[in-house]
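Protein sequence lines correspond, in order, to chains A and B.
Position 169 (the first sequence) corresponds to 169 in this note's numbering; numbering is contiguous.
Position 235 (the second sequence) corresponds to 1235 in this note's numbering; numbering is contiguous.
Don't take each hint at face value.
[Said to hold, decoys possible] Pair by pair, the computed Cβ-Cβ distance ranges are:
{"no.": "1", "chain 1": "A", "residue 1": "G303", "chain 2": "B", "residue 2": "L1143", "range": "30 to 40 Å"}
{"no.": "2", "chain 1": "B", "residue 1": "L1114", "chain 2": "A", "residue 2": "K167", "range": "44 to 54 Å"}
{"no.": "3", "chain 1": "B", "residue 1": "L1042", "chain 2": "A", "residue 2": "A111", "range": "20 to 30 Å"}
[Stated by the list, open to error] No farther apart than 25 Å at their CA atoms in a straight line, the calculated lysine-lysine pairs in the BS3-like style are these:
{"no.": "4", "chain 1": "B", "residue 1": "K1218", "chain 2": "A", "residue 2": "K419"}
{"no.": "5", "chain 1": "A", "residue 1": "K436", "chain 2": "A", "residue 2": "K128"}
{"no.": "6", "chain 1": "B", "residue 1": "K1071", "chain 2": "A", "residue 2": "K229"}
{"no.": "7", "chain 1": "B", "residue 1": "K1161", "chain 2": "A", "residue 2": "K246"}
{"no.": "8", "chain 1": "A", "residue 1": "K67", "chain 2": "A", "residue 2": "K344"}
{"no.": "9", "chain 1": "B", "residue 1": "K1071", "chain 2": "A", "residue 2": "K419"}
{"no.": "10", "chain 1": "A", "residue 1": "K436", "chain 2": "B", "residue 2": "K1071"}
{"no.": "11", "chain 1": "B", "residue 1": "K1161", "chain 2": "A", "residue 2": "K249"}
{"no.": "12", "chain 1": "A", "residue 1": "K255", "chain 2": "A", "residue 2": "K419"}
{"no.": "13", "chain 1": "B", "residue 1": "K1161", "chain 2": "A", "residue 2": "K255"}
No lab work stands behind these hints: they were computed from the structure.
The beta-carbon is built from N, C-alpha and C at its ideal position, and this holds for glycine as well.
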Amino acid sequence: MTTSRRTFLRITLAAGAGVGLAACGGTSGPKSSGAATGSATYWYLTGPPGEGIRTDTVKRFNAANPKTQITATTFQNDAYKTKVKTAIGAGQAPTIIWGWGGGGLKSYVDANQVEDLTGWFAQNSAVKDRLFPSSFGAATVGGKIYAMPCETVQPIVLYYNKTAFEKVGAQPPQSWGDIMDLVPKFNAKNIAPFSLGGQSRWTNMMWLEFLFDRIGGPGVFQAVFDGEKNAWSNPAAIQALTEMQKLIKANGFIKGFSSITADSNADQALLYTGKAAMMLHGSWTYGSMATQGGDFVSGGHLGYMNFPPVDGGKGDPSDTVGNPGQYLSISAKATAAEKATAKKFFATAVLSDAENKEWIGAGAIPIVKGTDSLLAGSKDEAWLKFVYGTASGAKVFAQSWDQALSPTAAEVLLDNIAKLFQLSISPQQYADNMNKVIGT
Amino acid sequence: VTTAPGGASRTGTSQAGRTGSVTWMALPALAFFIAFGVVPLLGVLGLSFTRWDGIGAIHPAGFDSWRSVLKDPGLPHALYVTFLVMIFSWAVQTPASILIGVFLASRERYRGVLAVLYFIPLLLSSAAIAVAYKALLDPNFGLGAGLHLGFLSQDWLGQDKLALGAVIFIVSWQFIPFHSLIYQGGVRQIPRSMYEAAEIDGAGRIRQFWSITLPQLKYTIVASSTLMVVGSLTFFDLIFVLTAGGPGDATSVLALDMYKTGFQANLMGPASAIAVILVLVGLALALLLRRVGGGGASDSQLEGV
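Starting from the given sequences, assemble the full structure and let the hints guide the process.
Here it is as structure tokens:
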């Protein structure tokens, strides 16, 4: 769920994965070359700014360790999800597996495909203690740590276009009621109240994540996650789903939102071109709006805030959702020498001071404690402090639902969310459909 | 696919006495077909009786996958959408392809130039076509918004019916050139003498088209329709990139359903069951069309010529 996603490479890469696997069949695969020397392989995502920073980290490690090189291969976001799964299933996984933790990681753990790092973290407590404690939740399965948290914390943020607000003479919303009141005002001026890349489905999901939390508190989704029977029928859940459809029916979202993809960054373009006034999106979009939006960010036209409270709701307004980090796992099929190289990479290269500076320069907060002292003087200081404050000040930092749940449950979830947003199912039907897959 | 081995062996036996058997000529194709068609198919059939997430071990699960697939309300819906796409794209493509094919069959130079233009969509990959159309149909940044044409700035891919219509239109746009090519070849095979005879009898152009061209194209129509119908079962790339099955599940065809079940929800067992259903439907349709097309090789359309 990071940076830009583009769809059109998906198929070519997915097809390439199939051909690649067929070609590997019967041979020892890519591992044979590195087995003797301890050189490791590492797959990660393309797209600025993360790709360049990941590549720089690998380069630094390779320069410092000429005998144990790491070979990097990059993939486009959605293609990677399929490719890495296929490779792991075929026993051809890279040594270092980049991922999102949570339910996806659990499926690797259940198949005994990733290394248990609990013991290693106990021995190297310095590596563990410098990271945000909240980042370890999605790396932990059954009380054991299976991944090294890395990169940045990415809360979901409510962005707004200040120019659009000036045009209608309105103030940013302080509550859900304000949001509903703003909708007709913007529509009257032919500005869409909210931009949304609805075809990507997880973009719709972010709305529900916040509404569930603000109305019923973090316990509502936690019950789903814990596998409680009929957890989706919680009255707070039904209320959140009903409020969601109210906003859709009031034309709260840009016309045609269900055919807009987040992959193409068209949803961000709607915000910075002023066609939409607000957008709920991940903190990773700040960087791309700064580079693609002309003077939108540099000229101070972009506003941002945490999702406002819902009147009478139980959730703490400091709560947030998103990605508490990204995750690096080690393939259980790797040789001992490869695993040693990967661990050395984790301990010495991942989130080094140099890498942290690059992340901050790109407008992101690495998951390392005390980086707030590095923020002063940065060109994005106000934004960085806001993200740091949101992430560190959140009472509950919930992981994105589709990442937290198993891939099977996540697919049903996204499918039903798309139908809910299409108004083709009611909140009650949504709850019934979702109750059936609880615990799968 | 189903006819190739039989047809080849028949030719082989009838000519065996004179030139020696040529059955062996079918062997490379047969070996290829078995290795890359039959074997994976058997693998998929086997997988449909298992529980597998694509990563871990494969567990036998009896009829569990079949039961869950057949009970899922998504299956009849996906079948319905698949047949809608199939029928409408056939109904749009066939008349258009026949007309263009007949038009291009004449040998005037300007028609040759037009033929080159008509065949351009054939050169493009489905993914590229989908990306291009997605950009053109975008309600906020697309063609309608750019040219300020109200009727073009519909929510093309965001409304159930419009999205299905857009898919059918784009599929037709992509494949009409291919089928026109088939019809062009078919029309050029029709003996000139038939038209000359018709002209002597005083038949006009339209009468010639209905009484000579169309009946003579019977087998071409059957072949082209088989390709369209069976091909439309496997539409995946274009729809996946264009709408990803959306909005909701309005354009979620069977092949897309299979991909989502297998590679997004990690349910390889049910996905394999859907794949088997897809194969069976395809086979049934191909056989049906052959039956409808009628006639063995002994029927002649050239009696008296």
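Structure-based check of all given hints:
1. G303/A <-> L1143/B: 30 to 40 Å: Holds: the Cβ-Cβ distance is about 32 Å, inside 30 to 40 Å.
2. L1114/B <-> K167/A: 44 to 54 Å: Given about 50 Å between the Cβ atoms, the range holds.
3. L1042/B <-> A111/A: 20 to 30 Å: holds, 25 Å
4. K1218/B <-> K419/A: Distance ~44 Å between K1218/B and K419/A Cα, so the pair is violated.
5. K436/A <-> K128/A: violated, 38 Å
6. K1071/B <-> K229/A: Holds - the C-alpha atoms of K229/A and K1071/B are around 21 Å apart, at most 25 Å.
7. K1161/B <-> K246/A: Holds, at about 23 Å.
8. K67/A <-> K344/A: holds, 13 Å
9. K1071/B <-> K419/A: Holds, because 20 Å separates the two Cα atoms, which is no more than 25 Å.
10. K436/A <-> K1071/B: holds, 13 Å
11. K1161/B <-> K249/A: holds, 19 Å
12. K255/A <-> K419/A: Holds - the C-alpha atoms of K419/A and K255/A are around 16 Å apart, at most 25 Å.
13. K1161/B <-> K255/A: holds, 16 Å
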